[in-house]
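All chains, please: the whole structure from these sequences, using the hints.
2 protein chains.
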Amino acid sequence: MSDFNFSNFLDHISLDCVIFGFHENQLKVLLMQMKYTKEWALPGGFMKEDETLEAAAERVLKERTSLDNIFLKQFHVFSDPQRSKVNPALEDLKESGAEPNIEWFSQRFVSLGFYALVDYEKVNPTPDFFSDHCEWKALEEIESLMMDHRKILDKALETIRLQLSYQPIGYNLLSEKFTMPELQKLYETILGKKLDRRNFQRKILSYKILNKLDERKKGGAYKAPYLYEFNLENYNKALKEGFSGSW
Amino acid sequence: MSDFNFSNFLDHISLDCVIFGFHENQLKVLLMQMKYTKEWALPGGFMKEDETLEAAAERVLKERTSLDNIFLKQFHVFSDPQRSKVNPALEDLKESGAEPNIEWFSQRFVSLGFYALVDYEKVNPTPDFFSDHCEWKALEEIESLMMDHRKILDKALETIRLQLSYQPIGYNLLSEKFTMPELQKLYETILGKKLDRRNFQRKILSYKILNKLDERKKGGAYKAPYLYEFNLENYNKALKEGFSGSW
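Protein chains in written order, with the numbering used here: chain A, 1 to 247; chain B, 1 to 247.
If you are wondering where the hints come from, they were derived from the structure by calculation, not from laboratory data. Warning: the hint list may mix true and false statements.
Same chains, same names: a pair is fine if it fits in one copy or spans any two.
Unchecked claim - Simulated crosslink set (DSS-like; lysine-lysine; CA at most 27 Å straight-line):
#, residue 1, residue 2
1, K122, K85
2, K240, K208
3, K240, K73
4, K217, K193
5, K151, K237
6, K155, K73
7, K155, K240
8, K237, K155
9, K185, K151
10, K208, K194
11, K240, K203
So, in structure tokens, the structure goes:
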């Protein structure tokens, strides 16, 4: 603990990040396993005295993933007065012998939840002081999480599901070039249900956020599917205005 | 100040509420004028030690408007480390002679922004300790606001504009029964632009959130417009799933 200094963090405010990646047709979440209690937890942290909340979230994300310049969105605040009363991280601190910080960690924390959608391939998962593993877990593999982290994860999922109905999603989650079946699979994974192939294609094309390339997926058969890329100008416009922004 | 006790509020966390009402075809915001500096500010407050953030926001809203059970949404966090460095409320505190609290008010506050859409007619605007006026201001009347409150207001507006593209809006803002021109005017006011009458009607009806009543607006001419009400079941479904939730 000697290389950590909590004295320049703001009291009462913590942040937790739900970092989603898409790999082998599964939606995955980056989790850490605590050293002593072995509980799984979302990556999180605190705000420095001279930092904005966004800078703190970017710092946490970079520390855990090595990624920079990632779209991070604050989506909810978790403020049950009891939520940090039982904090397994305290057990880890006691085991580590880091006595002076226990009082600081025992205070009430209001957690500001962020989610990020990142490129699975580019992430270099890195544990923090409290954890000895940091790894991707597929949604269906995740059972209990530390404190209220399961609730934070579920709320993040609910948020991106609603987001699918009014904003594009996929940039950063898919490769630069992707097929229509790959994009559909991403939507199906987030929504947790199968979609009709023709309806999906008609609807997603109507949003004008895709460029169809004159190129088919490599290594495929004669009828390999065409590749698409996002039209970033329209994609960013839709992020700002929503799909049906044309009132 | 004797009847106020700040010792049971959490350090560093404040909340600010952008309360929108619709009256005489204008979108209005509830503001307070500070007693000494005469600056205008958003209603706000702090979290008690035993309170959730939502309970704190509901308490603030109730104190300023006398309204209960209002849809309040946390939409952004304002965390510039400099934002509370110049705080006119401190001047008010000094003028009031409330010395012991000045230090507490001088700390850094991260503000959690909420917006609410309320029924203008039902609000009973009530100043707080720092203010001697609490009143509705039409958007176009509002010039500068205290601290970063203008930024908070603008971000709230941006948020409800985006919300118009994927969720219904209007319940709580309009009377229980309203005409299509009244609903259109609400949308136009929020969006800050004129809309085509026929396109608006076609689009809003396609969302199935309205019940057309067999009743025309009272006091009108022979061709007075029909009245509508929200179909609350579909309205609430659309709030949860978005308009195009049918992926």
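Verification of the supplied hints:
1. Within a single copy, K122 and K85 get their C-alpha atoms no closer than 36 Å, and across copies no closer than 39 Å, so neither meets the 27 Å cut-off.
2. In the homo-oligomer, the alpha carbons of K240 and K208 lie at most 27 Å apart both inside one protomer (15 Å) and across protomers (25 Å), since each shortest distance falls under that limit.
3. Taking CA atoms no more than 27 Å apart as the test, K240 paired with K73 passes in both settings, with 13 Å inside one copy and 19 Å between copies.
4. Taking the closest pair of Cα atoms, K217 and K193 come within 27 Å of each other only inside a single copy of the chain (25 Å); across copies the shortest separation is 45 Å, beyond that limit.
5. In this assembly of identical chains, the alpha carbons of K151 and K237 lie at most 27 Å apart only when taken from different copies (22 Å versus 31 Å within one copy).
6. Taking the shortest Cα distances, K155 and K73 sit within 27 Å of each other both inside one copy (13 Å) and across copies (14 Å).
7. Taking CA atoms no more than 27 Å apart as the test, K155 paired with K240 passes in both settings, with 22 Å inside one copy and 12 Å between copies.
8. Taking the shortest alpha-carbon separations for K237 and K155, both the intra-copy value of 25 Å and the inter-copy value of 17 Å come in at or below 27 Å.
9. In the homo-oligomer, the alpha carbons of K185 and K151 lie at most 27 Å apart inside one protomer (25 Å), although the nearest pairing across protomers, at 39 Å, exceeds that limit.
10. Taking identical chains as interchangeable, the C-alpha atoms of K208 and K194 lie at most 27 Å apart whether they share a chain (23 Å) or sit on different chains (25 Å).
11. Taking CA atoms no more than 27 Å apart as the test, K240 paired with K203 passes in both settings, with 19 Å inside one copy and 20 Å between copies.
The structure fails to meet hint 1 from the earlier list, while all remaining hints are met.
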